[in-house]
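There are 2 protein chains.
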Amino acid sequence: MKYDLKDLVPIKYPIVQAPMLGVTTPGMVAAVSNAGGLGSLPLGGMAPDKARMLIRQTRQATNRPFAVNLFAHPLASSAVDTDQIKKMEDLLHSIYSTYGLNFERKRLEDYQFYNHTHLLDLLLEEQVSIVSFTFGLLEAESTQILKEKGVTLIGTATSVKEALLLEESGVDALVAQGFEAGGHRGTFLESEPLPQVGLISLLPQIVDQVSIPVIAAGGLFDHRSVKAVFALGAAAAQLGTYFIAADESAASQGYKDMLLKSNETSTQLTRAFTGRWARGIKNSLMEQLEQSGLEFPAYTYQNSITSGLREFGKTNDLPELLSLWAGQSAAKTSYGSTSQLFKDLINKIQNDTNPIF
Amino acid sequence: MKYDLKDLVPIKYPIVQAPMLGVTTPGMVAAVSNAGGLGSLPLGGMAPDKARMLIRQTRQATNRPFAVNLFAHPLASSAVDTDQIKKMEDLLHSIYSTYGLNFERKRLEDYQFYNHTHLLDLLLEEQVSIVSFTFGLLEAESTQILKEKGVTLIGTATSVKEALLLEESGVDALVAQGFEAGGHRGTFLESEPLPQVGLISLLPQIVDQVSIPVIAAGGLFDHRSVKAVFALGAAAAQLGTYFIAADESAASQGYKDMLLKSNETSTQLTRAFTGRWARGIKNSLMEQLEQSGLEFPAYTYQNSITSGLREFGKTNDLPELLSLWAGQSAAKTSYGSTSQLFKDLINKIQNDTNPIF
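So the protein lines, in turn, are chains A and B.
Counting from 0, one number per residue, gives the positions in the first sequence under numbering that gives the first Met the number 0.
Counting from 0, one number per residue, gives the positions in the second sequence under numbering that gives the first Met the number 0.
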């Protein structure tokens, strides 16, 4: 059985813009959806009020469907290692000092984290029609409520096992995230070694095991790579890094420039920035954290500990202080409007000798 | 410019059987070449007499062209760390003891290594027509001599930079080896971090930078993955793991069984067996060596130190004592004759809705 994402959601082209927290804006989402693709609005870890505002901003800019993306990890970290956190805070304190900044330590009880459970009511109120999520499975009850309201659910898998669990949980489709992908790995079976499977191997092995549409993600950037994933059985292609240098992106100019100067070996997987494995361009902050020899506190503690410095880097356009999330095809990124980048991709696909759509 | 390996070497199908030292036999090479593909005979690290015998055995079984594969690393390891070697020998000594085996320490001067330079005369004498190689570049003089004799040269790259160096050195084609590939990484720019780029990202980035045919390798196992790499610009697809469980394979039954029982996350990259990065199925020996905390002596010392134990594992069919080289699509392997496996692949490609050949 060959699936096409167009049969599941009313879009013109089976091309998904990946949700990229800190990069994707309502303007980017709307531009992709208006151009006939599926935009994805990242709401992971967000407080409900902010999420509501972003959904409404996106709605104002498009009347086409778009997905909202949630972080579906459990909220309570099972083992908070306060000593680990203290050592990491000490390191950050010393890095802050070199920039003349003051690092404010938090009490453990002052960390405030949000996950998908905080946003479910909001999504129903705002009548969101497509929900994608990463870092886990939705609870059976949440799945049931959303499906009763006709919401399309899209999970994220980095292994066949995760794909099977997602299918069993009742999702309508899933993203197969290859090793090449930028940003966080969606991995949620954390008791096992991190799956690091190249998309060309992972995708057909997932497609052969599940009976729902599979969206391919990781390293995609042009008509050739989109055609390749369709040959491998994908129902759609998801591109993230491809849109980071877009006009509508919230990435700083320095981040965008780093992408365009990068090559296929510029990125690496790291837990340094957030405590979760993610792929980004190597820079000073990544190296300094990696070389500290310290253990990284679990997500979302580490994310919170480093966020102030990364905000400073963003505000002051210091790319060496950012998490420069990017996939292995980052070097192929271009500047331009989201709409133009999307059209360029569609044109290349349609001008191919044997176009797939 | 779109290349096809068939325009470079007289084969019927642009499908290459990867050279797999310890697995590929003359019978496997001949079966692939007889079926219209390009068989590759691994001669890396071999003494000339043995290499000559294997070439002649292959010739007796086919009059179709096949490639011979060399290891093109420099011979002299720049820094032999005798203390590192001694500690590793101590560990092997203790592992040997648990199997009632006697580990014989070698004097450094008794290690005997061969590389491509020992085989060049032989290749000319035997009038070999296609030479592929990995782990390096051929010297300008060797390249010139081989090319004057009309030999087709095929190098191996794991990054764009390596691909450009190979092209500049005068090869006629190159293999782009993705992160998914089983066995040794062909990496030769060893002063830099190991390139770990997924094929879907690496292949088009290499294709866009060079003006010679690029053969895609890593994770390929069926008509879909072959079609995918052609969409990405490959001139041919190279499959290795796909043939490991073949009747003509020298792999032990236990090794073959481990492949068929594996899944997409069963393999990992390790330097434990040979001192060079290679991908294989995780097993006891890999874990024991990895968890020893010892530094691994450089290739080919470490290869030599562990080879006796791995030979014992092979002879006694103890897969936990082998280097179980395999790519990330190992789970898709089948038993059967090489000829049948090759025909199955071609049939699947030709029965595809939009066949590529």
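Read the hints as simulated data drawn from the structure, not as lab findings.
Check before you lean on any hint, since a few could be wrong.
Derived DSBU-like pairs (lysine-lysine); straight-line CA-CA distance at most 30 Å [unchecked claim]:
#1 B:K160 with A:K255
#2 A:K347 with B:K5
#3 B:K105 with B:K313
#4 B:K5 with A:K160
Hints that the structure is at odds with (numbers, increasing): Those not satisfied come down to hint 4.
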